[in-house]
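One gets my numbering by counting positions in the sequence shown from 1 and adding 106 to each.
Treat the hints as calculated values from the structure; they're not laboratory data. The structure displayed is predicted, hence computed values, not measured ones. Every residue, glycine too, gets a C-beta built ideally from N, C-alpha and C.
Calculated cross-link-like contacts (lysine-lysine; reagent style DSSO-like; alpha-carbon spacing at most 27 Å):
| # | residue 1 | residue 2 |
| --- | --- | --- |
| 1 | Lys304 | Lys203 |
| 2 | Lys203 | Lys301 |
| 3 | Lys269 | Lys301 |
Each pair of labels, with its calculated beta carbon distance range:
| # | residue 1 | residue 2 | range |
| --- | --- | --- | --- |
| 4 | Arg230 | Met270 | 26 to 32 Å |
| 5 | Asn223 | Thr271 | 17 to 23 Å |
| 6 | Glu236 | Pro280 | 36 to 42 Å |
| 7 | Val196 | Leu305 | 19 to 25 Å |
| 8 | Val196 | Asn297 | 29 to 35 Å |
| 9 | Asn200 | Lys301 | 19 to 25 Å |
| 10 | Glu308 | Met270 | 29 to 35 Å |
| 11 | Gln307 | Arg287 | 32 to 38 Å |
| 12 | Gln262 | Gln307 | 23 to 29 Å |
| 13 | Leu239 | Ile265 | 24 to 30 Å |
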Amino acid sequence: MVSFLLDWVAKYFSLGAFSKHKKTLTPQVDLMPQLDEKAITPVDRTSINSFLSDELQTEIRAERKFSLAEAIGRESGSFMKGESAIPRPVRAANEIKQFIANHSSEPSGVLATELANWCIADIRLSRQLETPLTALSQVIESLLNESTSFYEFYRQVAIAQSKMTGERPYFQQPDQPPHPRAEHTHSSIYNYLLKIAKLLQET
107 MVSFLLDWVA KYFSLGAFSK HKKTLTPQVD LMPQLDEKAI TPVDRTSINS
157 FLSDELQTEI RAERKFSLAE AIGRESGSFM KGESAIPRPV RAANEIKQFI
207 ANHSSEPSGV LATELANWCI ADIRLSRQLE TPLTALSQVI ESLLNESTSF
257 YEFYRQVAIA QSKMTGERPY FQQPDQPPHP RAEHTHSSIY NYLLKIAKLL
307 QET
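Start from the sequences and build out the full structure, keeping to the hints where you can.
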């Protein structure tokens, strides 16, 4: 949207306005030499902004959606102010991954990976970038206390395990015994989350 408008204004000032002026000249008076329109230098976009009101520029930018990569890029600008070159969201995610990995003994690593992904996707982390382990503790607490969230997390773990082994996922139903070949059960995942929660309390 912004690029389109700027290109249109540039074309207007470099070609449109000039052509309109030429039409007003009388044949007897040659006030302006004939110019090759292709040779006209396009108007600098920076100068175009001076022709647009602040209100219009604000409205134009309001329609623009920023990508996650651009948002992180803006955050990395704080490096120029003496802060870390790594954006805060990335540092927070890495701290969570490191803590979970250091306290997980599961050989496949599926539980650790899925727990980290689950927490990083939770909005609570974005609100506590300076204290990511606090966000992790809150996320685990919700998994332990909210059955809907717990069963969905269990399902994600089962799917991830299936993708890694190539076998079909074995889903345990609530209040039902697990499949004999299931790598993870409701009980094993609950105990794993409980263990991480206790370690966070001791930190």
